[in-house]
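Sequences listed follow chains A and B, in order.
Residue 121 in numbering that gives the first Met the number 0 sits at position 122 of the first sequence, and the numbers go up by one each step.
Residue 165 in numbering that gives the first Met the number 0 sits at position 166 of the second sequence, and the numbers go up by one each step.
Simulated from the structure, these hints should not be mistaken for laboratory data.
Hints may contain errors.
Said to hold, decoys possible - In silico lysine-lysine, BS3-like type, Cα no more than 27 Å apart, as pairs:
no.: 1; chain 1: B; residue 1: K138; chain 2: B; residue 2: K117
no.: 2; chain 1: B; residue 1: K19; chain 2: A; residue 2: K178
no.: 3; chain 1: A; residue 1: K286; chain 2: B; residue 2: K143
no.: 4; chain 1: A; residue 1: K175; chain 2: B; residue 2: K19
no.: 5; chain 1: B; residue 1: K32; chain 2: A; residue 2: K194
no.: 6; chain 1: A; residue 1: K194; chain 2: B; residue 2: K118
no.: 7; chain 1: A; residue 1: K285; chain 2: B; residue 2: K143
no.: 8; chain 1: A; residue 1: K178; chain 2: A; residue 2: K104
no.: 9; chain 1: B; residue 1: K19; chain 2: B; residue 2: K240
no.: 10; chain 1: A; residue 1: K286; chain 2: A; residue 2: K194
no.: 11; chain 1: A; residue 1: K188; chain 2: A; residue 2: K175
no.: 12; chain 1: B; residue 1: K240; chain 2: A; residue 2: K178
no.: 13; chain 1: A; residue 1: K178; chain 2: B; residue 2: K117
no.: 14; chain 1: B; residue 1: K130; chain 2: B; residue 2: K115
no.: 15; chain 1: B; residue 1: K129; chain 2: B; residue 2: K143
no.: 16; chain 1: B; residue 1: K117; chain 2: B; residue 2: K129
no.: 17; chain 1: B; residue 1: K19; chain 2: A; residue 2: K194
no.: 18; chain 1: A; residue 1: K188; chain 2: B; residue 2: K138
no.: 19; chain 1: A; residue 1: K62; chain 2: A; residue 2: K43
no.: 20; chain 1: B; residue 1: K138; chain 2: A; residue 2: K194
no.: 21; chain 1: A; residue 1: K188; chain 2: B; residue 2: K117
no.: 22; chain 1: B; residue 1: K143; chain 2: A; residue 2: K194
no.: 23; chain 1: A; residue 1: K188; chain 2: B; residue 2: K72
no.: 24; chain 1: B; residue 1: K130; chain 2: A; residue 2: K286
no.: 25; chain 1: A; residue 1: K175; chain 2: B; residue 2: K143
no.: 26; chain 1: B; residue 1: K129; chain 2: B; residue 2: K32
no.: 27; chain 1: A; residue 1: K188; chain 2: B; residue 2: K115
For clarity, every value in this text was computed on a predicted model and none was experimentally measured.
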Amino acid sequence: MLGREKKEHQSYIEIVLFICALLCVAAVVIITIFVLVSALPLFKEVRLSDFLFSTHWLPTSRKDPGFGILSFIIGSLYVTFGALVIAVPLGIATAIFLAEMSTPKMAEVLGSAVQLLAGIPSVIYGFFGVMVIAPKVRQLFGGSGYSVMSASIVLAIMILPTIISISEVAISAVPKGYKEASLSLGASKWQTIFKVILPAARPGILASIGLGIGRAVGETTAVLMVGGNAPIMPKGLTSMVRTLTMNIATDMGYASGLHRTALFATGGVLFVFIMLLNIFVQVIQKKVKKDI
Amino acid sequence: MSEAVKFNIRDLTVSYGNFKALHNVNMDIIENKVTALIGPSGCGKSTFLKTLNRMNDLVPNIGIEGRVLYDGKDIYSGYDVITLRKQVGMVFQASNVFPMSIYNNVAYGPRIHGIKSKKRLDHIVEESLKKAALWDEVKDRLNKDALSLSGGQQQRLCLARVMAVEPDVVLMDEPTSALDPVSTVQIEDLIRELKEHYTIVIVTHNMQQAARVSDFTVFFLNGEIVEMGSTEDIFYNPKDKRTEEYITGRFG
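Sequences and hints are given; from them, build the entire structure.
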């Protein structure tokens, strides 16, 4: 009797957990459908190629309306790439330090500082960018300061915690035996780190970079505050920039009609970006696992 | 005995914090012989083994007193630890092959010590795998993942990896404790062959193994040496009662 009750009890729990899991999937599906359906009307009037490959963005003009988001796609790629150039080496170096070199106490202090960094709201990063980074960039490199460079730097700081903490876990998870074997063969500490530990931790490190890219592409508020938000093709590091997310956030408040659908379509492009990124990361991880 | 002494250990005391893991150990390790270290778990034999290639340096709060002379030179004062570990190789209890190809595992040591020529590396890899009696089994799949090998093969690969840096001494920390009987016999055969050219020190929990492969046996208990001597004496004519009790399996 008791056994049966227990079994029934278990199956209830299973059902509840299953529903929870379904809710997640349902949320993804519903959001996807919502974005796509809201975006579709745009393509009755504007060709997909004009939308993706034109830099002509004048959604409210009566005479010559334009719905080209190429500048924003390129803008997103620029600031994301810029953020990676700064954050990847810095993040991996920090992760190596935390996992391999620091004393336990130091690792704890630094580790919680990194966690704190992850908890700061993005609008605060934006403030910091406006008050400190943009003026410094203006002073050192010219321009208005609100630029690709400022946005990249702010984004880099924001994705550092992701890269550091996931890379550190990956590095710490490398079996101790590998390290011992390498050292006992007469390898130095650095040779051991670069030739054995990092290659063994590579799938996790790549995952951290992938997640960092995801966060950088999707970030809105902070880049909105320091990027300048001019709807033009960015020409260099000191040029103003508008990203896909900034485009949506800026116009959503007042857009209507076709303009509004163009913003949903921009969101759709963002969606595809993130999806491709996830697939890319997974493929690379599988490939790397096979190669080493 | 007129054999050459490879390691000369004098008044060695090793402590972890306040705990003394080894107490006043004195020992000579003879060249081109197999020395077996036996004793119950926690008796200090693994700690002792790891003082010989300074792998204990990795342990925080470790204190080492006394002298460990290798070919007459104290390895704990002014001795380059990388040079030492090149000369004194180690095979661990759990096989720890790198997650790389078989070839890269063996070539790892020579590469970090500066050998780049593909031809020389090929030669070293082949020779080392032959010494570890693994060549015939893997020669057609050198580029396969080393983790695809069986446990016994992995352990022989670890041995080949050590051979590739041309050591002088090979330390083995319970090298067969995770292996099946057939693989164990293969490793034991190897030990007997290798002692022609290498000095071998092996920690083992397996009494028969110590009796089968070693020339000298040292019995540790609670961080001290109870008795040491030729393996024959220790096993058939022990002087200390505790040695006799341990060997006959009354404790440990």
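(request) May I ask which of the numbered hints given earlier this structure violates, with the numbers listed in increasing order? (result) Hints 5, 12, 17, 18, 24 contradicted; others consistent.
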